[in-house]
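From just these sequences and the hints, can you work out the full model?
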Amino acid sequence: MLDALKSPILAFQDFILLSVRALTNIFRTPRYTDDIMLQADSIGVGSLPIVILTGFFSGAVMGLQMSRALNQYGATGQVGAIVSITLVRELGPVLTSLLVAGRNASGIASELGSMKVTEQIDAMRALGTDPTQKLVTPRLIAMAVTLPLLTILSDFVGLCGGWVIASSLLNQTSSEYWNTAYRILEWNDLAQGLLKPFLFAILISLIGCFYGIRTSGGTQGVGRATTQAVVVASVWIFVLNFFITQIFVNL
Amino acid sequence: MTADPVAATTKSVLRFEHVSLAFDGGPALDDVSFDLEAGHTLILFGAAGSGKSVLLKTAMGLLKPDRGQIFLFGEDITGMPEEDLYEIRAKAGILFQESALFDSLTVEDNVAYPLLNQRARGGKRVAVAHDEVDRRVREALRFVELEGTLEKFPSELSGGMRRRVGIARATVTDPPLILYDSPTAGLDPITANTIVALIVKARDMRNTTSVIVSHRYQDGHIMANFRHNPETGELEPATRDSRIHQGTAFMVFREGQLLFTGTQEELEHATDPYIAKFRSARS
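Protein sequence lines, in the order shown, are assigned to chains A and B. Letter by letter, the first sequence follows residues 85 to 335 in this note's numbering. Letter by letter, the second sequence follows residues 2 to 284 in this note's numbering.
Take the hints with a grain of salt, since some may be wrong.
Stated by the list, open to error - Calculated pairs, DSBU-like style, for lysine-lysine (alpha carbon to alpha carbon, straight line, at most 30 Å):
no.: 1; chain 1: A; residue 1: Lys200; chain 2: B; residue 2: Lys153
no.: 2; chain 1: B; residue 1: Lys65; chain 2: A; residue 2: Lys200
no.: 3; chain 1: A; residue 1: Lys218; chain 2: A; residue 2: Lys200
no.: 4; chain 1: B; residue 1: Lys278; chain 2: A; residue 2: Lys200
None of these hints come from the bench; they were simulated from the model. Predicted model, so just to flag it, every value in this text is computed and none were measured.
See below:
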C-alpha cells in the first residue's frame with residue numbers, strides 16, 4: 085500500500101520543487117528574453133486562429149441555444165447578457181485554456197521530452213546552463229502573459245458570434261445586444277475571468293515542462309509524456325476552475 | 002594516473018574516492034576509485050551498460066553518487082549545489098554519445114553556446130567579447146574541418162559531422178579537461194578514425210587532460226601510441242617512452258566494477274577473459 089503511494093508522492097514533490105524553482109527564477113539572472121519572446125510567439129500568436137474560431141462559434145452556438153430557452157419566457161432580449169456572463173466567467177477562460185493545453189502542453193512536453201532523451205538537457209547542464217531557467221521559466225512567463233490575452237480575445241469574438249445570431253435570427257438591434265452584454269458584467273466577473281486563465285497558464289506550462297523534463301524510455305517515453313501532460317493539465321483545469329469559482333461565488 | 006586515492010597529487014584534475022551509484026536495475030558504479038593527473042589521458046573500456054557513461058556524468062556532477070567523493074579540479078563536487086557546479090563545469094568540455102547538439106540552433110549557435118553562456122552568467126571566468134565569439138567559433142569549426150556548415154542545423158548533418166561539431170563545442174572554450182562519451186560509437190571505421198585523430202589533435206595542441214569512453218580497443222591504441230604532428234597535420238607514431246604513451250592509462254569496467262586499471266602493456270598481458278575480449282576486438 086505504502087509502496088503504491090510512494091511514486092505519486094515523489095512525483096508530486098518533484099513537481100512542487102520544479103514549480104518553486106521556475107517561479108523564483110523569474111527574479112533571478114540570467115534572463116532569457118529571446119526565449120520568452122519566442123515562446124510568446126509560439127504560444128500566443130500560434131494559438132490565435134484556433135482560439136478565434138472556437139471562441140466565435142461557441143458564442144454563436146450559445147446565442148442559438150439561449151434564444152430558444154429565453155423565448156419560452158419571452159426574454160430573448162436578454163441573450164446578450166447570458167452570452168456575455170457565460171463567456172467571461174466560465175466558457176472563455178476554460179475553453180481557451182483547454183485548447184491551449186491541448187496545443188501547447190503537448191508541444192512543450194514533446195519538445196522537452198525529445199531534448200531529455202537525446203541528452204540535450206544534460207548537455208545544457210554540462211555547459212553551465214540551468215535548464216529550469218532556460219527552458220521552464222520562459223515558457224511559464226510567456227504562457228502567463230499570453231493566455232489571459234487570448235482569453236480576452238476569445239471572449240470578444242464569442243460576443244461577436246452571439247451578436248451575429250442576435251441580429252440576424254432574433255431581430256435584435258446591435259445597441260440592444262451590446263448594451264445588455266456590457267451592463268450585466270461586474271468587476272467580480274472580469275476579475276475571475278482574468279484570474280482563471282492566469283492561474284491555468286501557470287498550471288499548463290508547469291505540467292507540460294514537468295512531464296517533458298522527467299521523460300525516460302526513448303521516443304515511446306516522449307509519446308507517453310505528451311499524452312500525460314495533456315490529460316493531467318486538462319483535468320486540473322476543471323478541478324482548479326471549480327475551486328476558483330467557489331471562492332468568487334462566495335465573495 | 003593512479004588507482005590509489007591516498008596517492009592523490011596536487012596536479013589532480015579528476016579524482017574518484019570509493020564512488021558507488023545504483024539505479025533500479027542494479028549498481029551502475031561500485032566502489033570506483035582513481036585519480037587523473039593534469040595532461041594525462043584515461044581510456045575507459047566496457048560493454049554497454051557497464052557504467053562508463055554514468056562515470057562521465059557523475060564526474061561532471063550531472064548525477065550524484067550514493068556513496069564516496071568526487072573531486073573535480075581539486076574541489077569536492079559530491080554534495081555541491083547545482084548553482085555552484087555551473088562554474089566548475091564551465092572549465093570542462095564534454096562530448097555526449099549522440100553529440101547532444103541543440104536541434105533548434107544552427108551549428109554556429111551550437112558552438113557559440115558555451116562562450117555566450119559564460120557571458121550571460123557573468124561568472125568568475127573572463128567573459129568573451131562579442132566579436133571574439135565569432136572568431137573563436139570559426140576557429141573551433143576550422144579545427145574539426147567543418148567551417149562551411151555555420152548556417153546548417155544539426156538535422157542536416159551526418160552522424161560523423163555531428164560528432165565533429167560536438168567536439169568543436171566541447172573545445173571552443175579551451176577547457177583543460179575534456180570528456181568524450183563513446184565518440185566513435187555507430188560510425189564507420191574511416192569516420193571513427195577521423196574522430197579519434199581529432200581527439201589526439203585536441204589533446205596534443207592544447208595539452209588537455211582527456212577521458213575517452215569507448216568499446217573499440219583501436220581507439221585506445223591510437224590515443225596511447227600516436228601524436229599529432231602540427232607541421233603535417235597528420236598523426237605519427239609516438240615512442241613507448243614518450244610522455245603521451247606514459248601518460249595514457251586504461252580502465253576496464255564490468256557491471257559497474259572497475260575490473261582493471263593500468264598501462265597498455267599491462268592490459269595486453271591481462272589474463273581475465275572479459276578483458277581479453279576487448280583486446281581481441283582490435284581490427
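How the hints compare with the structure:
1. A:Lys200 with B:Lys153: holds, 22 Å
2. B:Lys65 with A:Lys200: holds, 18 Å
3. A:Lys218 with A:Lys200: The hint holds at about 14 Å.
4. B:Lys278 with A:Lys200: violated, 33 Å
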